[in-house]
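Visitor: Each residue of the sequence shown is one higher than the one before, counting from 1 in this note's numbering.
Bear in mind the hints are in silico, worked out from the structure with no lab data behind them.
Watch out, some of these pointers could steer you wrong.
[Unchecked claim] Below, computed lysine to aspartate or glutamate pairings styled on DMTMM-like, alpha-carbon distance capped at 25 Å: (1) Lys131 with Glu143; (2) Lys15 with Asp122; (3) Lys28 with Asp17; (4) Lys20 with Asp32; (5) Lys116 with Glu88; (6) Lys77 with Asp122; (7) Lys131 with Asp68; (8) Lys78 with Glu120; (9) Lys131 with Glu88; (10) Lys78 with Glu88; (11) Lys78 with Asp122; (12) Lys78 with Asp64; (13) Lys78 with Glu97; (14) Lys24 with Asp64; (15) Lys28 with Asp64; (16) Lys155 with Glu142; (17) Lys116 with Glu99; (18) Lys77 with Glu99; (19) Lys72 with Glu120; (20) Lys149 with Glu134; (21) Lys72 with Glu142; (22) Lys72 with Glu100; (23) Lys20 with Asp68; (24) Lys131 with Glu146; (25) Lys116 with Glu132; (26) Lys72 with Glu97; (27) Lys116 with Glu97; (28) Lys131 with Asp64; (29) Lys25 with Asp64; (30) Lys116 with Glu146.
These numbers come from a predicted model, not from an experiment.
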Amino acid sequence: MPTASIVQLAAATKKVDTRKASEKKYGKPVMDLGFCIVPSLLMWAQARLGINTVQFNIIMQLADFWWDPERKPYPAKKLLADRIGMSERQIQRQIAELEEAGLVTRIGRTRPGRGKTSNEYDLGGLVTRLKELEPEFTAVQEENRERRKNVALPKHRRKA
């Protein structure tokens, strides 16, 4: 009489503490320096948004300064240039292209008695565009989920 194979099933997945998971991946000292939350859709839709790698990097840098939805980021061009390893003029050109694409809006700022200071950057156009793209990406995810479920069914129970 043949013996049945016993397959150990994985335990039900529990909610992952993302902070702990991040510390496990990168190390606590690295994570203690800070982190930035961005939607995965921004990475998935980079080509659809028409942004190049430098522009994507600039958006990531701006996102690093944008924690409060009511307070727009305002890093200096010099700081962005230093972080990315480009000239301020190159940063300025790339931001101008993001502005032309309707993804970022520069808002000039001045300080009383001190004149101009760093621009504020409104990412509302980017957020709007991501919200427009979301249903399409969600639909594809749902289709893929259905396909995976369907392929596991016996042929007579599969959806056409």
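Visitor: Would you mind marking each hint as holding or not holding in the structure?
Guide: Hints, verified against the model:
The hinted pair formed by Lys131 and Glu143 meets the criterion: a straight-line CA distance of about 19 Å does not exceed 25 Å. Taken as a hint, the Lys15 and Asp122 pair is broken in the structure, with Cα atoms around 34 Å apart against an allowance of 25 Å. Distance hint between Lys28 and Asp17 is fulfilled; the C-alpha atoms sit about 14 Å from each other, no more than 25 Å. About 11 Å separates the Cα atoms of Lys20 and Asp32, which keeps this hinted pair within 25 Å; it holds.
About 16 Å separates the Cα atoms of Lys116 and Glu88, which keeps this hinted pair within 25 Å; it holds. For the proposed pair Lys77 and Asp122, the alpha carbon gap of about 15 Å is at most 25 Å, so the pair holds. Between Lys131 and Asp68 the alpha-carbon distance is near 19 Å, which keeps this suggested pair within the 25 Å criterion. With a C-alpha separation of about 14 Å, the suggested pairing of Lys78 with Glu120 holds against the 25 Å cut-off.
Using a Cα cut-off of 25 Å, the hinted pair Lys131 and Glu88 is violated, with the two alpha carbons roughly 31 Å apart. This hinted pair checks out: Lys78 and Glu88 have alpha carbons roughly 6 Å apart, not beyond 25 Å. Taking the CA atoms of Lys78 and Asp122, the gap is near 18 Å; set against the 25 Å cutoff, the hint holds. Straight-line distance between C-alpha atoms of Lys78 and Asp64 comes to about 16 Å, which keeps the hinted pair within the 25 Å bound.
Restraint check: the Cα-Cα separation between Lys78 and Glu97 comes to about 18 Å, which is no more than 25 Å; the hinted pair holds. Our distance criterion of 25 Å between C-alpha atoms is met by Lys24 and Asp64, whose separation comes to about 21 Å. About 19 Å separates the Cα atoms of Lys28 and Asp64, which keeps this hinted pair within 25 Å; it holds. Annotation: proposed proximity of Lys155 to Glu142 holds, straight-line Cα distance about 21 Å (limit 25 Å).
Proximity of Lys116 to Glu99 is assessed by CA-CA distance (about 20 Å); at most 25 Å being required, the pair is judged to hold. Among the hinted pairs, Lys77 with Glu99 is consistent with the structure: their alpha-carbon atoms are about 15 Å apart, no more than 25 Å. For the given pair, Lys72 sits about 6 Å from Glu120 by alpha-carbon distance, which is consistent with the 25 Å threshold. Distance check on the hinted pair: Lys149 and Glu134 sit about 22 Å apart at the alpha-carbon level, within 25 Å; holds.
Our distance criterion of 25 Å between C-alpha atoms is broken by Lys72 and Glu142, whose separation comes to about 34 Å. Our distance criterion of 25 Å between C-alpha atoms is met by Lys72 and Glu100, whose separation comes to about 19 Å. In summary, the hint linking Lys20 to Asp68 is supported, as the alpha carbons are separated by about 23 Å, within the 25 Å threshold. Proximity of Lys131 to Glu146 is assessed by CA-CA distance (about 23 Å); at most 25 Å being required, the pair is judged to hold.
Taking the CA atoms of Lys116 and Glu132, the gap is about 35 Å. The hint is violated against a cut of 25 Å. Between Lys72 and Glu97 the alpha-carbon distance is near 19 Å, which keeps this suggested pair within the 25 Å criterion. Of the supplied pair hints, the one linking Lys116 and Glu97 holds, its CA atoms being roughly 22 Å apart against a limit of 25 Å. Annotation: proposed proximity of Lys131 to Asp64 holds, straight-line Cα distance about 20 Å (limit 25 Å).
Proposed proximity of Lys25 and Asp64 is supported: the alpha carbons are some 20 Å apart, at most 25 Å. Proximity of Lys116 to Glu146 is assessed by CA-CA distance (about 55 Å); at most 25 Å being required, the pair is judged violated.
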